[in-house]
Every structure is written in C-alpha cells, then in structure tokens.
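S.K.: Read off the chains here:
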Amino acid sequence: MRTSISERALDAIVSGVLWGFRILIVLAIVIGTVLAIRAGTYTRAQWIDFVIFGVAQGSIYALIALGYTMVYGILRMINFAHGDIFMTGAFGAYFTATWLTKIGFTDRYPVLGLMIPILVAMIIATLIAMLVERIAYRPLRGAPRLVPLISAIGASFFLEYSFRGIFGPGKYAYPPISALEGEWVVLGIGILKVHVVVMVAAGIMMALLYTLVMYTKVGKAMRAVSENQDTAALMGIDVNKTIVSTFAIGAAMAGAAGVLFSLVYRQIDWFMGFTPGIKAFTAAVLGGIGNIPGAMVGGLVLGVFESVGPSLFLEGLGIIRPYQLKDVIAYTMLVMILLFRPSGILGERLTKQKA
Amino acid sequence: MNNTNKENSLWAAIKIGLLGGAVALFISLVGMAEVFSKRDVVEKTMTLGQFVLLAISVASGLLAARRTAALLDKPNTASQAAAGLVAGFFSAAILTLFVVIGAKINIRTVFLNASPGLYSMLTLNQGVSGVWILPVAGAVSGLLGALSLSLPNAVRRPLFHAILFIFFMALFSGLFRVVMINQSGFWEKTAKYLFSQTGMTRPGAAIFFALVAAISAFWSAKGQAIKTDVANLPKGGQIGLRVIAFAVIAFIALGLPLVSGAFIAQVIVIVALFILMGLGLNITLGFAGLLDLGFVAFYAIGAYTVGLLTSYGQYGLQHISFWAAIPLAVLVAMAAGFTLGLPVLGVRGDYLAIATLGFGEIVRLLAGSDFLAKYFGGPQGIIGIQKPCIGVLGEFTKVDVPRVCYSLFDAAKPGIELGTPQSIYYIAVASAILIAFVSWRLRESRLGRAWMAIREDEDVAEALGVNLIQTKLLAYMLGAAMAGLGGAIFATLIGSIFATSMQLIVSINVASLIIVGGMGSIPGVIVGAIALIGLPELLREVSEFRYLLYGATLIIMMLAKPEGLWPSKTTQRELHHLDAGTSAE
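Chain order of the listed sequences is A and B.
Using our numbering, you'd call the opening residue of the first sequence number 1 and step up by one each time.
Using our numbering, you'd call the opening residue of the second sequence number 1001 and step up by one each time.
Please note: incorrect hints may appear among the correct ones.
So the derived label-pair ranges between C-beta atoms look like this [what the hints assert, rightly or not]:
1. M130(A) x V1460(B): 55 to 61 Å
2. F95(A) x V1155(B): 47 to 53 Å
3. L1025(B) x V200(A): 35 to 41 Å
4. I135(A) x R1449(B): 35 to 41 Å
5. G16(A) x L1317(B): 25 to 31 Å
6. V26(A) x F1172(B): 53 to 59 Å
7. V111(A) x L1164(B): 54 to 60 Å
It should be emphasised that the hints constitute simulated quantities derived from the structure, not laboratory data.
Note that beta-carbon positions come from the ideal geometry of N, C-alpha and C, so glycine has one too.
Please build the complete structure, drawing on both the sequences and the hints.
M.R.: Right, here's the structure in full:
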C-alpha cells in the first residue's frame, strides 16, 4: 500500500492528539481527587451522602437507559424522543398524584398513593411511545440511518412543544408524599426515605425487566430479533409485534423513571426530559449499548460520578462553584467512553454492523 | 361481497373522520386554534382559526371520499358524498364532545387552553346552546370536500390554489399592509382597500381569489405549452432567461432591506446568517453525511473570538478591528473543529450526533460558568462589541467607550460605521455568496467526491483509497469555520454575546433547514432558511408554535420527501433509485 508522507504525518498527529486527550483527562481526575481528599472540605458522612444520592439518581438513569439500549439493540437506532417519553410519564403521574392528594387518598394509603401514579405514568408513556413508533419510526424502517434519527429528533421536539402548548411553559410542583418525609437509619447511616424508595422501586423494575427478557417468550423473541431480524421472521416470530413491544417496555420503564425523578426533584416541566435523556443515553453507551445489564451498570456509574465528581475532582482542581459543571462531567464521560472504549464497560466489541 | 365493502367504506370514513377530529382537538388544546382566531382570513366573515378547523373537516371528507372510491367496485358520487358527510361529521364530533364536557366540568386545571375563549370560538359565541354548529359545519365541509372530488381537474386545481393562496395571504397580510402603507400614496390606498387591521377585506379576498384562480387555470391550460416553448428556445435565449431571473432575484434580495423597514430588515439579516451557517453545515452533513448536533459550539467560538478581540467592554483583550478579527475567528473555529473532531470522527453515524451534541453543551456550560467568568464574562456575557468601520478606528481610550470611526481620507471626518442591521445584512450576504461559491467548487472537486463516497458507504470509500479520518476532518473543519464566521457576524450584529443564546436549538435549527431544503443542495439551504427561519420570525402568530411545527415538519419531511424541497440532483436520483430497490424486494 502506498501512503503519502502527509497522510502518515496526519495519522501521527491524530494518535498524538488522542493520547494527549486521554492523558490529560486521567491526570485531571487523579490530581483533582488527591487535592480534594487532602483539603478535607467534606466529612465522611457527606461523601456517603453524595454516593447514596448518586446511586438513587443513577438508578433513574439506568431505568431510562434500558429503553435506549433495548431499542438500539433491536433497530440500531437512537430513539432521540425517549427522554420526552420519560417526561410524558411524569406529567401523567403529576396530575394523578395531585388529584389523589387532593381527595386525601395519598395520606390514607401511601403505598397505593405511590403505586397508582407510577402505573398511570407507565401506561401513558407506553401509549405515547407506541403512537410515536407507529407514526414516526415504523414507516422509515430500512431507510438510510440518518432518516429515522432525524425523524426521532422531530418527534422529540413535537412532544416537548406539544406539552409546552397544552400544559403551559411553567414548572409544576410534584405533590410530596408525607409518609416519605425524613430519613431511615441503616447501619448508622441516615438515608432519605425518598432515595430508598427510588432505589428499591428501580431495583424491582429492573429485576422484572431482566426476568421478562431472559425467561419469557416475548423476551426470547426480542433477543432473537435483535440478533437477526430475517432469521427471526423465518422462525415464526412476528417482528413487527416484537419491535412494538420493545418500544412499549422501554417506555414503561421510562414512565416509571419519570415518577421517581419527580419524587426526588419535586418539580416537573415540559423540558425535563432532555438532559436526563442525554445522560441516560450516555449511561447506555457507558455500559455497552444493546446490553441490558450494561445499561444498569452504566446508569449507576454515571449517577455516582455525577454526584461525587464536582466535589471530588472539580473542586480539587480549584474550580469555583463546581456544581454548575455537573452536566459537563456527564458529557465529558460520553466523549471519554467513545475515546477509550467505544464498546462500553460490559459491551462486546462494536462490530461494524452494530456501530 | 358488495355489502361488506360498503360497511368497510363506512368504517373507513368514520376512522378518517375521528383522526381528523383528533387533529382538530390537538390544535385546539395546544392553543393554536385560539391564537389563530385572533387573525381574520376575511374580515368579519371568517377567522384563521375557523379556517384551519374547517380545512381539517374538508380534508377528512376528501380523504374519505377517495377511500370509498378505492374500496367500492362501482363508486358513484352519492356514495362518495355520503362518505364525506360522515367523515366531516365525525371530524367535528370530538370537538363537540369536548365543548359539552368542558361546559360541565372544569378541565382547565389540566388543559391550560381549554379557556372560555376557545369554547366561544368553537360555538360562534353561542355558548353550549350553539354546540350544534360544530357538527353541522363539519358535515357540510366534509360534504364539500367529497364533492370537490367529482369536479373536473381544470376547476378543482385553480380552486385549491386560490384557497391555499388566501390562507398564506391571511397569514402575511399584516406584513404586506405595513410595508405598503410605509410607501404612502397609491400603495397606501391599495393596502387599505385590500387589507384590514386583522386580515383581508372582503373585496381584497375576492380579488386575490379571482386572480390566483385565473392564473392557475391559465397555467394548467397553457403551462405545458409554455414550458416546451422555453425548452425549445435556442441556448442563448435560455441563458438570457436565467440571467433575467437571477437579476430579478438579486435585485429583490439586495433592495428589500432598504425599503422594508427595521423589523423586516432584522429578520432578513437573521435569515442571511442562517443561510451562511446552513451552507457550512451543508458541507459536514449534506456532503459528507456527518450529523453534527454540536454545530453551535463553533458558532459560539466564532462569536466569543470576535467578542474578546474587538470588545471595548471589560473583557476585551486586543481591541482590534472587526475586519482583522473575522479571519482570526474563522481560524480559531477551524482549529477548534480540528481538536474536537479528532476524537469523535472515528465513531460512526448516530454516535457522532450524540457526541457532538455533548460538545455543544460542554462549550455552552463552560462559557456560562463562574469558573471561567473572568475570561468569558460568565452569565453576564460579553458586551460592547465594536461595530465594523469602513475607515480608520480611533485609539482605544477606556473601558465601555466605543472607539470612534474616522474617514479613510480625512482623519477629522467620521467614517462609515456599519451599525444597522441593513449594513450587516450586506456583510452576511457577501459572506454567504463567497461560501456558496466555495462549497459549489468543493462539491465538484476530488474532495467533494470523496465526501459523497463516505456519505454513501464508509467501507467502500475506504477500500477505494479514501483516507476516512482526513477527509471527514476536512469536512468537519470547514463546517466549523463557516459556523465561526456566522457566530462572528452575529456577535457584531447584536453587539453582545451571552452563553444562554448558544443553545442546542441553534444546531437543530441549522440542521433542520438543511434537511427541509434538501441535503447537499445549495439552493435548498436558501429555501430551507427562508421557510424555517424567515417565516416563523415574520409571523408572530406562528412563532409561539414554531418548534412544534418544526418537529412535525421534520417527521413529515422524512416520511414524505426525505430528499428535501429543493434536492440536489444526485440525492434525488439516489432516493428514487432506493424506492425502486425497496419496492422490488
């Protein structure tokens, strides 16, 4: 093979710059961490709080990431509107929860008062996701890859601004559940009750999903279709139905995540889906896209990094008000994974077909 | 057999009607119907809101009649009319139900737009007792829609064109009115005759309707003949025609900002800026097929470079002139494109979109953070950007005092300071023409071929000896450079920069206008920018629903016309080839 000198020089520059990036990021993290621990601004209890908050937040990311990963696994498509499906769930839950609180139901039966909004959120998110799939994605199957992605961006905008138009641009305060105020003390560590509920609920949902995918007929069909659509069709699997159920299950998870998110942050608005959506996508890539346990691990890792990171390495580097740069950590992580290990933590090597 | 088909066609009509009804309900709940009803199509006769809702019923009727014709063995006008009637009725039925329920229960706590104004608009101010108006109007419109099918083409098409034109005139009547009244004299009188405060007058609407219908009828009768005549012209004559057309367009494009007044001039500058950026992203996305959702990062970098270099505010570093800062801004943006592009260009397709989106957000967050506030002004931004000056700039004296622009020939006289939107417009247009030329030449070059090869199939391109990273990087850097130029001009136009204006929405805007115009097509960028940036800026009524309509437009374009409104010849050929390929499967 004949390569010109200029091309070889460029290749050298490319790999040089890439290594520069990698070393710089690792150095920044290590130095920042050492400095922050030396400075000792935060106590041990505070660090534990950060981690717990990170796990709670991360389990929400993980729930959303599942939808991204499942759809990507089956269609090789980034469902850009998935974050907004999460938002629709939160809205459905908000109106239900407000009504239940107003009639005094939530105070009498706090468990049901929590479960019913989650159920409503899951149903609404599922319905809207199926509608979006039917209108914006299904007709485009088999088109060049940019086409469904652009359609998904359109769907995302359409959902966001429809909700803005219908429910207004303001923020809504999610009604608090009085039974969830305060802390529980576990092994001498105080944990907010809300965080416990979020972690437990997310854990249950993920366990259910894993069982569904691994041990039921629908799950088997999903795995088969994601392996090879044509062969799956020959084996008598209804590919269309399987794809729709993938969307539906992913959306149900996102809807539930929407409620958990509202419980933690106490407010919802029409744009709430965008940032968690991108972060959940990062989590999915982090764990290895197309890989279900990967999405769960990726979500937790991202959540903890984001919660601990600003105080751990950003503050150590002398950055003032590091919390403003919380989102930068997530976005930098996304770019970093693509730099270091595009296959993600648990992913197999990205084959040409999947990348 | 025939019976089941009849039942099917009834069902189909009901389904179509309900679908139309759902759309009508959506339009009402999202607030569009009420906002539109503040503008008239024809003064004291029909508001825009009513027009839109009736149009939905007419369309439902038309579609149902078509469906019936397809389902029945022997379709006749009566069965089609019946289908139209049913579909029209059901398209209004959902809204009727909504009004009835709304009168009993207060649903406004959930749906903000379910306001008394909406109800009274839907019932023509009659209250619940006027609820019968809706289904009747729906059924009649559906019937009309169905009957229009049986009209001969020569009548139906002019009618359709005239109604469509009336709709657009109603949207723009306010603008035309203002521009014409500004000219005073004859134009002012005409404007007052044709347009009212809120829409068209009755005679105005009648005149437009008749005019457009006549033109359309004439064109459908004679258009083909004229086209062949033009095609049969000798080569010189065709070139002559093109030159004339081009001269007319150039005359309008260059002269419009001078006569239109400040508001429209401002809109035109923004359109020109977006054309500029669209041409830049067109290289990255249209030619090389790299979806860059972090385009705004380079826009921000260009803007901040010009800001820091020329500002006379507290963050200004160098106080050089605009003309010296522009090439620097382009170079800095290009260098940023190089460094940001390197790590991510190895990844493919949709990963790239998300990774670049991450970059865009990182740049915005960093620029607006307190951490870097001592360099970039943080949330307060950079203010006091020096306007471009044709002449000699006076010395920088102290912070917050603009430098004086002196004439080139006489240091005592003031020079020409390009401070107004109109003058910046010409800078933007000049840059856009330059970039259009550059990208046209690039497309036809070896590099352009390599880009298109990558867009079609990376593996094949690589096998044929295209260096992927190098070629992609060049596309990315050129796109970044043009975004930087756009940002630099924008910073000068506004005179200040804020990190909050560097949102993802800018990237999406630019990407959408390319997609709607036609990926890889240079005139497509212009069409897209006018349609997606210009129209919503001009129409206050629509601007509230701008991004909602964007989303819908993107989906509809992908479904119906993925090659865009004005596609390049290759893309069109490819996509049609693709259609043939999939249908053969």
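S.K.: Taking the hints in turn, state whether each one holds.
M.R.: Cross-check of the supplied hints:
1. Checking the proposed 55 to 61 Å range against M130(A) and V1460(B) shows it is violated: the Cβ atoms sit about 37 Å from each other.
2. The hinted range of 47 to 53 Å is satisfied by F95(A) and V1155(B), whose Cβ atoms lie roughly 50 Å apart.
3. A hinted range of 35 to 41 Å holds for the C-beta pair L1025(B) and V200(A), which are about 39 Å apart.
4. A C-beta distance of roughly 37 Å is found between I135(A) and R1449(B), which places it inside the suggested range of 35 to 41 Å.
5. At roughly 29 Å, the beta carbons of G16(A) and L1317(B) sit within the given window of 25 to 31 Å.
6. The beta-carbon spacing between V26(A) and F1172(B), approximately 58 Å, falls within the hinted interval of 53 to 59 Å.
7. At about 57 Å, the CB distance of V111(A) to L1164(B) agrees with the hint of 54 to 60 Å.
This entry does not satisfy hint 1, going by the numbered hints stated previously; all others are met.
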